[in-house]
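Undergrad: Chain residues, written in single-letter form:
Number of protein chains: 2
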Amino acid sequence: MALKVALLGCGVVGSQVVRLMHEQADDLAARIGAPLELAGVAVRRLGRRRDADVDPALLTTDAEALVTRDDIDIVVEVIGGIEPARSLILAALNSGKSVVTANKALLAEDGATVHAAARAGNADLYFEAAVAGAIPLIRPLRESLAGDHVHRVLGIVNGTTNYILDQMDSSGASFSDALGEAQALGYAEADPTADVEGFDAAAKAAILAGIAFHSRVTAADVHREGITEITATDVASAKAMGYVIKLLAICARSDDGRSFGVRVHPAMIPRTHPLAGVREAYNAVFVEAQSAGQLMFYGAGAGGAPTASAVLGDIVAVARNVLAGARGPEESTYADLVVHPMGETVTRYHVSLDVADKPGVLARVADMFAKQDVSIQTVRQEGHGADAQLVLVTHRASDAALSATIEGLRELDIVRDVVSVMRVEGEDAS
Amino acid sequence: MALKVALLGCGVVGSQVVRLMHEQADDLAARIGAPLELAGVAVRRLGRRRDADVDPALLTTDAEALVTRDDIDIVVEVIGGIEPARSLILAALNSGKSVVTANKALLAEDGATVHAAARAGNADLYFEAAVAGAIPLIRPLRESLAGDHVHRVLGIVNGTTNYILDQMDSSGASFSDALGEAQALGYAEADPTADVEGFDAAAKAAILAGIAFHSRVTAADVHREGITEITATDVASAKAMGYVIKLLAICARSDDGRSFGVRVHPAMIPRTHPLAGVREAYNAVFVEAQSAGQLMFYGAGAGGAPTASAVLGDIVAVARNVLAGARGPEESTYADLVVHPMGETVTRYHVSLDVADKPGVLARVADMFAKQDVSIQTVRQEGHGADAQLVLVTHRASDAALSATIEGLRELDIVRDVVSVMRVEGEDAS
Numbered sequence: 001m002a003l004k005v006a007l008l009g010c011g012v013v014g015s016q017v018v019r020l021m022h023e024q025a026d027d028l029a030a031r032i033g034a035p036l037e038l039a040g041v042a043v044r045r046l047g048r049r050r051d052a053d054v055d056p057a058l059l060t061t062d063a064e065a066l067v068t069r070d071d072i073d074i075v076v077e078v079i080g081g082i083e084p085a086r087s088l089i090l091a092a093l094n095s096g097k098s099v100v101t102a103n104k105a106l107l108a109e110d111g112a113t114v115h116a117a118a119r120a121g122n123a124d125l126y127f128e129a130a131v132a133g134a135i136p137l138i139r140p141l142r143e144s145l146a147g148d149h150v151h152r153v154l155g156i157v158n159g160t161t162n163y164i165l166d167q168m169d170s171s172g173a174s175f176s177d178a179l180g181e182a183q184a185l186g187y188a189e190a191d192p193t194a195d196v197e198g199f200d201a202a203a204k205a206a207i208l209a210g211i212a213f214h215s216r217v218t219a220a221d222v223h224r225e226g227i228t229e230i231t232a233t234d235v236a237s238a239k240a241m242g243y244v245i246k247l248l249a250i251c252a253r254s255d256d257g258r259s260f261g262v263r264v265h266p267a268m269i270p271r272t273h274p275l276a277g278v279r280e281a282y283n284a285v286f287v288e289a290q291s292a293g294q295l296m297f298y299g300a301g302a303g304g305a306p307t308a309s310a311v312l313g314d315i316v317a318v319a320r321n322v323l324a325g326a327r328g329p330e331e332s333t334y335a336d337l338v339v340h341p342m343g344e345t346v347t348r349y350h351v352s353l354d355v356a357d358k359p360g361v362l363a364r365v366a367d368m369f370a371k372q373d374v375s376i377q378t379v380r381q382e383g384h385g386a387d388a389q390l391v392l393v394t395h396r397a398s399d400a401a402l403s404a405t406i407e408g409l410r411e412l413d414i415v416r417d418v419v420s421v422m423r424v425e426g427e428d429a430s
Numbered sequence: 001m002a003l004k005v006a007l008l009g010c011g012v013v014g015s016q017v018v019r020l021m022h023e024q025a026d027d028l029a030a031r032i033g034a035p036l037e038l039a040g041v042a043v044r045r046l047g048r049r050r051d052a053d054v055d056p057a058l059l060t061t062d063a064e065a066l067v068t069r070d071d072i073d074i075v076v077e078v079i080g081g082i083e084p085a086r087s088l089i090l091a092a093l094n095s096g097k098s099v100v101t102a103n104k105a106l107l108a109e110d111g112a113t114v115h116a117a118a119r120a121g122n123a124d125l126y127f128e129a130a131v132a133g134a135i136p137l138i139r140p141l142r143e144s145l146a147g148d149h150v151h152r153v154l155g156i157v158n159g160t161t162n163y164i165l166d167q168m169d170s171s172g173a174s175f176s177d178a179l180g181e182a183q184a185l186g187y188a189e190a191d192p193t194a195d196v197e198g199f200d201a202a203a204k205a206a207i208l209a210g211i212a213f214h215s216r217v218t219a220a221d222v223h224r225e226g227i228t229e230i231t232a233t234d235v236a237s238a239k240a241m242g243y244v245i246k247l248l249a250i251c252a253r254s255d256d257g258r259s260f261g262v263r264v265h266p267a268m269i270p271r272t273h274p275l276a277g278v279r280e281a282y283n284a285v286f287v288e289a290q291s292a293g294q295l296m297f298y299g300a301g302a303g304g305a306p307t308a309s310a311v312l313g314d315i316v317a318v319a320r321n322v323l324a325g326a327r328g329p330e331e332s333t334y335a336d337l338v339v340h341p342m343g344e345t346v347t348r349y350h351v352s353l354d355v356a357d358k359p360g361v362l363a364r365v366a367d368m369f370a371k372q373d374v375s376i377q378t379v380r381q382e383g384h385g386a387d388a389q390l391v392l393v394t395h396r397a398s399d400a401a402l403s404a405t406i407e408g409l410r411e412l413d414i415v416r417d418v419v420s421v422m423r424v425e426g427e428d429a430s
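Chains as they are written, first to last, in this note's numbering: chain L, 1 to 430; chain R, 1 to 430.
Next comes chain L alone, as it looks inside the complex (with noise of 0.2 Å):
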């Protein structure tokens, strides 16, 4: 007896799961112990031309009656975005259907409705692809680290934005030169917001910290911050220093373990960190665990056929749990920790400020840190006149404290120009 697959959205990711269900055919049947058959396909247009071979019988424009129908076993949605996904994927979660999903806006916007339909429905809903691409992300984090305790989280989760800042470290461009290279190759889309502002890696820290941390989390919990202001003399300077500008996604818990924060936003790491070597549009992201220690996972973060290898684990894995009358993992949120403010955040910062040349300067630019509890961890003076600047360095002090120095120093009248403001991120790591 086949397991009949609903396949919703038939775009660069839909027509790559086609095109490896039927390469694959084989391989799936004895993997899962039954074969797959593709039952139907659901499309915006019949009449579009597509990637994949599909039969047109299979194709129809009525998702919603394809999700609910009684022969479906599983449901594949790759249709992107809220709606209809999520009407969708509840439609077929409600019946008792199991959902694969790669859709990362959905389950950081509103996954708490969709965990609890598969709850409901006593059916399965796994969504490796919406991290991370191919990358194994989601598995080891539920269920190889589920005997650990995870601290923290930090991920190079959005190929666009390191594609542009590797570009941007490599040659020296600027960040629209870079953006219009990576336009060109197809890294990035016509309108590039959900990348460079982060909005796409915050939907992805949302998730990751849900995990990791055993709790609720949503994108409104993340701050966000793009890449759209990082200039060549951002990153020249970076590099001279031995770090390099990543867009990353954190999620940390607190010193004292009872809340976590979950933030998006360009950091500078040392060149020695592992994800530092983390080049084009890849993808990684460390895991630091209590007795597992550091760990990596590095790959391909998107395209057609990589996000299809993880879509087809979990078919694969949900069809082994229909035929075994089985259940995965389902959400696990018992801690229910505390998101706390950003302003709680605890990192160390890189200063750089345009200041007048003359005696006492940095006494006082010292005396502003000081006032707000920040310590200093090493400050240099480049250029002379006109060029002076101070570059200055922090221990770890709270995002507040280090906001209210900033903003101090803004008003002193020695201080021509806060010039960029960037914090230092993986320093603790080997």
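Note that these hints are calculated values from the structure, not bench results. Ideal placement from N, C-alpha and C gives every residue a C-beta, glycine not left out. Misleading hints may appear alongside valid ones.
Just so you have them, the derived chain R footprint on chain L, three or more residues with Cβ under 8 Å [stated by the list, open to error]: (1) 28 to 37; (2) 143 to 154; (3) 170 to 180; (4) 295 to 302; (5) 346 to 358.
Here's a subset of chain L near chain R, in silico, CB distances under 10 Å, partners left out [stated by the list, open to error]: (6) Glu128; (7) Ile135; (8) Leu137; (9) Thr233; (10) Pro270; (11) Gly277; (12) Val278; (13) Phe286; (14) Ala305; (15) Ala308; (16) Ser375; (17) Ile376.
With chain L held as given, fit chain R onto it using these hints.
TA: Relative to the frame of chain L, chain R by itself:
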């Protein structure tokens, strides 16, 4: 109702398992849906001082009685070695109890028997900790990549040898000095044979190859060479050419996909390869799959706490299965591919020759390569007169052809010595 766990062995890993089960009891119970209870610990001698705080009433020297006790749900084996581990695991599985083990030697030598017992007993057999300690690798390979087609697995799976080679690379130390340091730091054992001769890595390679290619592989199928003959000169010369020497476990399909090879040997890899940056005693495994592309998994490959983290992750998975009356994925050997002999392995080679410094030498050397159809990519002469050396790097050629070439070279009067022959791997990777 608590799930009862029997622990076999209470050494470096076992005592960490006890500690974590105790310290994380509440989290484990919440994640599983029921508490775990340590119901018995089998040890060799009762009086011994232990790191773990185990209730003496739980200790027993009668492991056999413990594993078949009616109230035991899960048996955790961290004794290691073939016997008595095998008999105990088989007794547990035969009585329908699921098993979590870290035993690479047993799985590599006689996995077939153990897996068959799991099937017959309708019980789970989980072994994430058997390969690369805390790094989630078994689960990603057998579950996340279940919908993909793995071409190649390339791993640093032995921390001791990686520490030694990394020391040789960074400080120019000799093999014996680096080994001495590794022993002083506790990274290498007093008798380092299992590590430095590649036996440990070979067992892990056999397990990885079996899972990656859905075929049965034993340690005897693995071509194995250790690192004891690597000299400081080899390391320096690799470094000068932009390479680093690593002990690699390589599982690779043949070009036609019908067979595969499994081997453990030192190899030169480019310093730009993600595996090149794996320092000290860390492990990392690079996987190339058809759709997922290049993936890498990095972390601590050994040690009590990291290995216990992997064991605990498996205990949670097995416990959930016990509660649900379900079973995890079982051994998958349906593909039944053949392991090809080492002679059929195709790769590139770096060859150093001590030669007489006279006209015509290069022509005669090149001719010997040509006779065996081994094509030369680069050749370089170093030194003059008595110190003249030829350094050649070949294109891809079979191990058999290269061996025949080397044999031929040894017989040439103008070749005073074949100084080193080293495989070159990882050149295609970005």
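Undergrad: Against this structure, judge whether each hint is valid.
TA: Quick rundown of the hints versus the structure:
Check result for the stretch 28 to 37 of chain L against chain R: holds, 3 residues qualifying (beta carbon to beta carbon below 8 Å, three or more required). Coverage of the stretch 143 to 154 of chain L by chain R holds in this model, with 7 residues showing a Cβ closer than 8 Å to a Cβ of that chain against a need of three. For the stretch 170 to 180 of chain L, the stated coverage by chain R is violated: 0 residues have a C-beta nearer than 8 Å to a C-beta of that chain, whereas at least 3 were required. Coverage of the stretch 295 to 302 of chain L by chain R holds. Counting CB-CB distances below 8 Å, 6 residues qualify, and the rule asks for three or more.
Counting residues of the stretch 346 to 358 of chain L whose CB falls under 8 Å from any CB of chain R gives 0; the rule of at least 3 is not met. At a threshold of 10 Å, the smallest CB-CB gap from glutamate 128 (chain L) to chain R is about 6 Å, leaving the interface hint in force. Interface hint at isoleucine 135 (chain L): satisfied, since its Cβ lies 6 Å from the closest Cβ of chain R, which is below the 10 Å cut-off. Checking leucine 137 (chain L) against chain R: minimum C-beta separation of about 9 Å stays under 10 Å; hint holds.
At about 27 Å, the closest approach between the beta carbon of threonine 233 (chain L) and any beta carbon in chain R exceeds 10 Å, and the interface hint on this residue is violated. Because the closest C-beta pair between proline 270 (chain L) and chain R is about 13 Å apart, greater than 10 Å, the hint is violated. Hint status for glycine 277 (chain L): holds, given a least beta-carbon distance of 6 Å to chain R, under 10 Å. At its closest, the beta carbon of valine 278 (chain L) sits 9 Å from a beta carbon of chain R; the interface hint therefore holds under the 10 Å criterion.
For phenylalanine 286 (chain L), the suggested interface contact is upheld, since its CB lies about 9 Å from the closest CB of chain R, less than 10 Å. A cut of 10 Å between beta carbons decides the hint on alanine 305 (chain L): the least distance to chain R is about 4 Å, and the hint holds. Contact between alanine 308 (chain L) and chain R, as hinted, is supported at the beta carbon level, the nearest pair being about 6 Å apart and thus within 10 Å. Checking serine 375 (chain L) against chain R by beta carbon gives a least distance of about 30 Å; that is not within 10 Å, so the hint is violated.
For isoleucine 376 (chain L), the suggested interface contact is broken, since its CB lies about 31 Å from the closest CB of chain R, more than 10 Å.
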